[in-house]
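In order, the protein sequences belong to chains Y and D.
Sequential numbering from 439 applies to the first sequence in our numbering.
Sequential numbering from 447 applies to the second sequence in our numbering.
Read the hints as simulated data drawn from the structure, not as lab findings.
Please note that a few of the clues may not be correct.
Some chain Y residues flagged as far from chain D (calculated, every beta-carbon gap over 12 angstroms) [what the hints assert, rightly or not]:
(1) Val513
(2) Glu520
(3) Arg540
(4) Pro551
(5) Gly557
(6) Ser612
(7) Ala651
(8) Ser708
These stretches of chain D come out as covered by chain Y in the derived footprint (C-beta under 8 angstroms, 3 or more residues) [claimed, not checked]:
(9) 495 to 508
(10) 654 to 660
(11) 684 to 697
Idealized CB from N, CA, C, for every residue including glycine.
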Amino acid sequence: MTATTSSMQAVSTERRRSRSIRWSVIVRSIVVTLVTAFLAFLFLLPFFNMVFTSLKTTAQMMQPGAPVWPAIPGVFEYEGKELELYLVPMEDGSVRELAIVRKGRQQSTFIDPDHPEAGEIEWSGSWRALQRPWQLHPAWGNYREAWEKIDFPILFRNTLAIALIGLTGTVISSTLVAYGFARFRFPGRGFLFTLLLSTIFLPAAVTIVPTYAFFVAINWVGTWLPLTVPHFFSNAYNVFLLRQYMMTIPREIDEAAQMDGANPFRILISILLPQCAPVVLAVALFHLVFAWNDYFGPLLYLSTRFDLQPIAVALPRFNNLYGSNPPLIQAASLMAMALPVLLFFFAQRVFMQGVVITGVEK
Amino acid sequence: MSVISKAASPPGPRTRTGGSRALARREAMWGYLFISPFILGLLAFTLIPTVATFVMSFTNFNLSGAGTQFVGVSNYQRLFRDPQVWSSLLVTVRFAAIALPVGLILPFGLAVLLNSESLRAKGLFRTLFYFPYIVPFVAAIFVWGALLNSETGWINQFLRWVGVANPPNWLNSTVWIYPALVILGLWGIGNAMLIFLASLQGVPTELYDAAKIDGAGWWGQMFNVTLPMISPVIFYNLTLSLIGLFQYFTVPLVLNQGTGAPGGATMFYNLYLYKTFFTYQNMAYGATMAWLLFVIILAVTLVLFQTAKYWVYYAAETR
Numbered sequence: 439m440t441a442t443t444s445s446m447q448a449v450s451t452e453r454r455r456s457r458s459i460r461w462s463v464i465v466r467s468i469v470v471t472l473v474t475a476f477l478a479f480l481f482l483l484p485f486f487n488m489v490f491t492s493l494k495t496t497a498q499m500m501q502p503g504a505p506v507w508p509a510i511p512g513v514f515e516y517e518g519k520e521l522e523l524y525l526v527p528m529e530d531g532s533v534r535e536l537a538i539v540r541k542g543r544q545q546s547t548f549i550d551p552d553h554p555e556a557g558e559i560e561w562s563g564s565w566r567a568l569q570r571p572w573q574l575h576p577a578w579g580n581y582r583e584a585w586e587k588i589d590f591p592i593l594f595r596n597t598l599a600i601a602l603i604g605l606t607g608t609v610i611s612s613t614l615v616a617y618g619f620a621r622f623r624f625p626g627r628g629f630l631f632t633l634l635l636s637t638i639f640l641p642a643a644v645t646i647v648p649t650y651a652f653f654v655a656i657n658w659v660g661t662w663l664p665l666t667v668p669h670f671f672s673n674a675y676n677v678f679l680l681r682q683y684m685m686t687i688p689r690e691i692d693e694a695a696q697m698d699g700a701n702p703f704r705i706l707i708s709i710l711l712p713q714c715a716p717v718v719l720a721v722a723l724f725h726l727v728f729a730w731n732d733y734f735g736p737l738l739y740l741s742t743r744f745d746l747q748p749i750a751v752a753l754p755r756f757n758n759l760y761g762s763n764p765p766l767i768q769a770a771s772l773m774a775m776a777l778p779v780l781l782f783f784f785a786q787r788v789f790m791q792g793v794v795i796t797g798v799e800k
Numbered sequence: 447m448s449v450i451s452k453a454a455s456p457p458g459p460r461t462r463t464g465g466s467r468a469l470a471r472r473e474a475m476w477g478y479l480f481i482s483p484f485i486l487g488l489l490a491f492t493l494i495p496t497v498a499t500f501v502m503s504f505t506n507f508n509l510s511g512a513g514t515q516f517v518g519v520s521n522y523q524r525l526f527r528d529p530q531v532w533s534s535l536l537v538t539v540r541f542a543a544i545a546l547p548v549g550l551i552l553p554f555g556l557a558v559l560l561n562s563e564s565l566r567a568k569g570l571f572r573t574l575f576y577f578p579y580i581v582p583f584v585a586a587i588f589v590w591g592a593l594l595n596s597e598t599g600w601i602n603q604f605l606r607w608v609g610v611a612n613p614p615n616w617l618n619s620t621v622w623i624y625p626a627l628v629i630l631g632l633w634g635i636g637n638a639m640l641i642f643l644a645s646l647q648g649v650p651t652e653l654y655d656a657a658k659i660d661g662a663g664w665w666g667q668m669f670n671v672t673l674p675m676i677s678p679v680i681f682y683n684l685t686l687s688l689i690g691l692f693q694y695f696t697v698p699l700v701l702n703q704g705t706g707a708p709g710g711a712t713m714f715y716n717l718y719l720y721k722t723f724f725t726y727q728n729m730a731y732g733a734t735m736a737w738l739l740f741v742i743i744l745a746v747t748l749v750l751f752q753t754a755k756y757w758v759y760y761a762a763e764t765r
């Protein structure tokens, strides 16, 4: 920097001021970030509770004063026997963690697990009044038990099959409908598109009674058909999302293909679809999440067919049977949410982009 | 301009020759062909059932289908005399009065926080606040339900720790059940938050610069720039939340097996509707109840749309 002394001074005060501004910016940013992190922690606290509970033993659930993390009362293995650990207050005022060898009403015998060779320690008092130390002990077996009792493989198969059939249906039909609205002119197009979007606002309750009666009449109740076939007739959110995306793709290439004599189906499959891949993926994920979450549909149509039910309906049934065993319920809840949550983390950008387009642009 | 006619017609003003008309007809035919799944679905799953609901409400239709007759307005007479209808509507309104503001203000506040210039790791926080939305609500009920347990739940343990002698018996109190249901639904706010966040990011920064020059502080910018600019999104979320809240019932259905416990406080209108047509298999009365719900939702939505012109600001509506 080439400058006179006075301007050098001006620059240095300027720099000092900008440094103090920068400091206040940094402090603000630390405070805001910490507050947000704390809120996120609170928001996700139920997850920790779920994970911890799912790894606890039922004994720990019933024990007052037990820690929040999965643990069992401490034991010490000594000469082939499991000795219970106790927190023993000693005469000098310290509390030692000792293993009980012989229990007596007025007097008990302990050994020090750190120095078993030091010999037995006699202690006067009631051992029943003593607290026990807790040792970290995740009961992984809860997951196996929940897995078997809820019959998770069958539920997973059912949920996945219902989701994938419906996914295929909605991806194909919504793509076709979106293509029709995005690339072709026909009388009534604007009106029909408005009609499509207005179905988002139509309360589902108004169609449910005749729809249910109809599926009863054609003997579809007790099958997957009522949960899958309607998705082959497109869906307003998905059509909107795909159409918005298709409108951003320049027409020059489809026009060139058109000149070369390609029919509209070919243009859709070989030109538009490859470019729409991220949105198609978003639509597929939306449907998967929807199907995993759907409770009312399977409840109506599969209430008597336990063998065909997806996990959302089976979980409350499982809760009614094993409500007294919270670790099993929490383990099963975790299994029920595992797949959609994992998929979301793999494709979160695509997913959230889709939400934004359907939510903001309409 | 569409693909086919543009490729076919000569440059300049379009001439209505026989050839271009045939091409336009061909294009329209392709268009109708592609949107036909939507048309069929609209007929089969929306229009016909809606009309059928209306017609059924004037009959004594049942699932056997035998001996169905028109019974005039007797279903409606029963509806208006049914005390359960009115108490369940009241339950629905009472819950909506809490859930609606919470369901709008909380995601909005969170979006404002996540949009703050001072926040680091925005992407991470956005993901963390959004992802519980992915969790199936049935699983979320059991996860949050454990937290709300009046004896062992973390929420009451915390309240006791800060000195609340008798923390609420959330799930078994006819008063506290409503906030408890709102808490059970907290993981669902991610979607609205994300939509608010995107709309906040879409507000042009020039407007804030101009407001700052005019001396507007944080609140001034919020009320004079942010809220008007994103009012269409608020309106969209408000409308969909209201429609959803009028139909709310799956959470209490899972929570209490649809018994309406405690003391009928969770006998929501839609739950009563579900029990009427599914549990008691009373199709005609169910259709009548559904039609009443539809009329109420329609009326509320129309009122909402009427108010829109006073507070919803459409800046440059291009469509």
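Q.
Just want to verify: serine 612 (chain Y) was marked as not at the interface with chain D; is every Cβ pair farther apart than 12 angstroms?
A. violated (8 angstroms)
Q) In terms of Cβ atoms, is chain D entirely out of 12 angstroms range of alanine 651 (chain Y)? A) Alanine 651 (chain Y) not clear of chain D: closest Cβ-Cβ about 6 angstroms, inside 12 angstroms.
**Q.** Assertion that serine 708 (chain Y) lies outside the chain D interface [Cβ separation over 12 angstroms]
**A.** holds (15 angstroms)
Q: Closer than 8 angstroms, Cβ to Cβ, for at least three residues: run that test on the region 654 to 660 of chain D against chain Y and report holds or violated.
A: Per the Cβ count (0), the hint is violated.
Q: Evaluate the condition: distance from the CB of proline 551 (chain Y) to the nearest CB of chain D exceeds 12 angstroms.
A: holds (31 angstroms)
Q | chain Y covers the region 684 to 697 of chain D, three or more CB atoms within 8 angstroms, holds or violated | A | holds (count 6)
Q. Looking at valine 513 (chain Y) again, its CB stays over 12 angstroms from all of chain D?
A. Holds: least Cβ distance 25 angstroms, greater than 12 angstroms.
Q. If you look at each residue in the region 495 to 508 of chain D, do at least three have a Cβ nearer than 8 angstroms to any Cβ of chain Y?
A. holds (count 6)
Q | Interface exclusion of glutamate 520 (chain Y) relative to chain D, criterion Cβ beyond 12 angstroms | A | holds (28 angstroms)
Q. Was arginine 540 (chain Y) rightly flagged as not at the interface, with every chain D Cβ beyond 12 angstroms?
A. holds (35 angstroms)
Q.
Please verify that the nearest CB of chain D lies beyond 12 angstroms from glycine 557 (chain Y)'s CB.
A. holds (42 angstroms)
The structure fails to meet hints 6, 7 and 10 from the earlier list, while all remaining hints are met.
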